[in-house]
Amino acid sequence: MKNEIIKLYTGIVIEEQTVISLTELCQCCSLPTEQLFVMIDQGIIEPLESNPPSSHWQFSGDSVIRVQTALRLQRDLNVNLAGAVLAVELLDEIKELRQLVAFLQGE
Amino acid sequence: MEYKDYYKIMGVGKNATQDEIKRSYRKLARKFHPDVSKEKNAEKHFKDVGEAYEVLKDQKKRSAYDQLGKNWKAGQQGFEPPPGWSSDFGFNSSFTGHSANGSKFSDFFESLFGQRNNRFHDSRTAYQTRGENTHAKVFINLDDAYHGTSSSLNLRTTELNKEGHPQLKQRTLNIKIPKGVKNGQNIRLQGQGNPGFGGGQAGDLFLEIGLNPDPIYKVDGRDVSLKLPITPWEAALGSKIQVSTPTGKVELKVPPCVSSGKRMRFKGRGIPGKTPGDFYILLEIVLPESLSDKEKSLYQALQQESSPLNPRIKLEQTHEK
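If you read the sequences in order, they're chains A and B.
Each residue of the first sequence is one higher than the last, beginning at 9 in the working numbering.
Each residue of the second sequence is one higher than the last, beginning at 9 in the working numbering.
In silico lysine-lysine, DSSO-like type, Cα no more than 27 Å apart, as pairs: (1) B:39 to B:69; (2) B:187 to A:15; (3) A:103 to B:275; (4) A:15 to B:184.
Simulated restraints, written as ranges between beta carbons of each label pair: (5) A:46 to B:275: 41 to 47 Å; (6) A:27 to B:292: 42 to 48 Å; (7) A:90 to B:146: 30 to 36 Å; (8) A:88 to B:268: 49 to 55 Å; (9) B:10 to A:60: 56 to 62 Å; (10) B:26 to A:59: 50 to 56 Å; (11) B:323 to A:59: 55 to 61 Å; (12) B:290 to A:45: 44 to 50 Å; (13) B:317 to A:103: 43 to 49 Å.
Footprint (simulated), chain B over chain A, 3 or more residues, beta carbon under 8 Å: (14) 13-24; (15) 73-86; (16) 94-108.
Hints in this document: simulated from the structure, not taken from any laboratory.
The beta carbon of each residue, even a glycine, is placed where N, CA and C say it ideally should be.
Build the full structure now, drawing on both the sequences and the hints.
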């Protein structure tokens, strides 16, 4: 058998990544900036510092997942933006509670 | 090819009205959407439901499907569309699958309603489109969280071949999972998602990490804990106990007069990270299932000897109020 060098890919753990820029966030979520601003207005994510110019805004690493989830809920379940934002917040809470329950129950 | 019973998938009868089908779709879409679902194999169910709805919601497709169903008997192996079957049904779909394998519909659907002869994207392929992101989930053990590991992922992405037709491409990706990942965190691999169109950038791969429950240790974020049974005399007199932890053996100094439920912390021996978690030992006093006569009398002597200890005094005082 031929000896192959197996390439090992390394990614970034996004929750540990300190910041992601506005541009990168738009690219990651395939969103035009105007649409991302609408979502920011709804409060799904917040820039780490809201000093102008907005093009220099930066966000925490987990922003990507929050925005993507909201987009999927809108697209797949016909939820409007405000509802999608609420859903994302509730899902976060559910995730935490489930982990706590599993821990307390000693599964 | 396997026949798909769309009515069964949607949970409606063959004579269901369009309204009933729509209502059923909405309910099932919410139930199985991967972002909100608790069900096993939610993604597969969601795809199945979406595909079934795609056919049944459209009168033309539905009656064509019904026609086909007449010739299929339950339990029949394999299925092929009849010769001369026209797959010109037009395609006005708002349903977009987003699974890691890149394919939106099953082979069954593609053979009946597929668009093999049509362009995958309309004139939009003339423009650059960023490839779609791919999402996958991998499960690791506590040991992997402590030391890191690598994972082999089989991915299927959709690419356009030379003729501009979509085809599924299979590939294996070996991904390093660094130590210190928490349950539920995501690893992003740039450019490892679906390729872009018209020279556009490839999408990203998002890998969600799931931590398998450990048989011995309990995990809470980065903190790891262990319930340690101790004898009454170890608790009363104090003792030194060797305990195995994921980071090696530690010597636990049990202070005298300790009660059940006491948590002893070993800082930094939890899952590693920027702020590493801690390791906790929870003490639990256990008694033997039965006592010998000698033991019993010793305990009774202890009972006589001990100071008027009433652990329930606060409780009783509260009741008296």
